[in-house]
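Q: Sequence:
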Amino acid sequence: MIDVRLLRNTPDAVRAAIARRAKPDLLEQIDHAIRLDTRLRDIVVERDEVRRQVNDFSKQVGALRKAGDTAGAESLMGQSRDLGARENGLAAESDEVEAALREVLLRIPNIPHNDAPNGTGDHDNPVVVGPNNLPASFPDHQRVPHWETAQQLGILDNERAVKISGAMFTMQRGLGATLARALCQYALDMNADAFEEVRPPSLVTSATLTATGQLPKFADDAYSIERDDLWCIPTAEVPLTSIYAGEILHDHEMPKRLMAYSPCYRREAGSAGRDTRGMLRAHEFDKVEILALALPEQAPDLLLELRNRAERLISGLELPYRIIEICTGDLGQSHHRSFDIEVYAPGCDAWLEVSSVSWFSDYQARRADIRVKRGTQKGTEIAHTLNGSALAVPRVWAAILENFREEDGSVTVPAVLRPYMRGAERIARP
RNA sequence: GGAGAGGUGCCAGAGUGGCCGAAUGGGGCGCCCUGCUAAGGCGUUGUCCGUGUUAAAGCGGACCGUGGGUUCAAAUCCCACCCUCUCCGCCA
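One point on numbering: in the numbering used here, the residue at position 411 of the first sequence is 395, and numbering is uninterrupted.
Hint data in this document are derived by calculation from the structure and do not stem from the laboratory. Keep in mind that a hint or two might mislead.
Derived pair list, reagent style EDC-like, types lysine to aspartate or glutamate, alpha-carbon separation capped at 16 Å [said to hold, decoys possible]:
1. K240 <-> E180
2. K240 <-> E181
3. K201 <-> E268
4. K147 <-> E231
5. K357 <-> E180
6. K240 <-> E289
7. K240 <-> D177
8. K201 <-> E87
Work the whole structure out from these sequences, hints included.
A: Have a look at this one:
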């Protein structure tokens, strides 16, 4: 959520900033929120004044009864009753307006960072790093889609995954499964120097899914378990961000760096029939997420740190990659500033998004109510959150199969992964 | 899933309708005492919203698991839910 006070005090600045997202209907929502806020404040001021009077009367009633003045007490009680009725009406009204305001605010996206490039869609995202490790040309034996290679090697069994779970589920077997797990361990180990490893729950409450921004607007994208009022996490960002929800952290413990491996569940609503082959899009996949809770002034450096860490993993695998910055028109709802890392897959002839690193300013933390207290200073402030996929398994898995395919159809295991694959140097036909 | 107990401030813990934003103890912070340390003395100590202000002070409201209800008045009474603990059942 953006800060209502920003909306109140500097509405034009907010309008101008949100306008950069190139979604005209958002401005209407902002004006709607401002109207609701103005009305809410009027009602609240009046409600509090009536409450004050009721409180006064109640105290007097107590004093009168103690003094034995029953008649005087009765008279005041009558007056207070009337005020109470008015207070009820005002309270109901303020609750209503407050709920409506929150509903609108939850759907207003974050303010883009000043440095986020202007644009109207993903075609405007500039390349800011690379391409690196990209050869001038690829030999024919690398121009084979990973699903074909995987089938030849017997390491991907999507037909049976579909039998078990339906369309858009995948299943790796043998060294294919080992490779998927190795990528996770590699990603965790490479960040263990500074990040606490967490094994969070994969099912979360609606409140948790609201904090990170998936609800209420993107309910259709997530799997829900209605009977128990739980949701399957689309990323470990969701439980990790909410670890300190409702808590007040101290500045000396900031930043907090957390990482987690987790399965990720996405309904991919609207994607039926797209990228159905191979590993490019699935309802369930594995990912290692790195995340930081920070003081506002720590955030810019952390954004770069997270990006560097994600980049280091990819370059360590010796895959061709580039980094793009997300322009204002393509920025996700909660995002303040974002970078994507893309890996080139010669078999598919496509740049695959394998990591997204983002700074959310205080947008998520305000929803999650994560605050920071500085020293013994009075009051608190909202924390900043940042996170990034350290490594999303399926697409990296696919890119490895395409970039490391040899002439004989086998796949060389990137050196950094061999320790996690019982020393296997290549994946060959059985 | 069944039975019972309980959820109060940073922590422990009192409080069963008004004098309770909340005793008492501990902790933290400040000052005093002290050669230093320990012990001791005094004071202070939450969050949110609104109002106010250059900033603050101040003022008003809310918060005793959450949400409803009763009442002139609720931490205190009633209802629902959530969570924790103990026992039983089930179980990787």
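Q: Does each hint fit the structure? Answer for all of them.
A: Hint check results:
no., hint, verdict
1, K240 <-> E180, "9 Å, holds"
2, K240 <-> E181, "12 Å, holds"
3, K201 <-> E268, "21 Å, violated"
4, K147 <-> E231, "45 Å, violated"
5, K357 <-> E180, "22 Å, violated"
6, K240 <-> E289, "13 Å, holds"
7, K240 <-> D177, "13 Å, holds"
8, K201 <-> E87, "10 Å, holds"
In this structure, the earlier hints numbered 3, 4 and 5 are contradicted, and the remaining ones agree with it.
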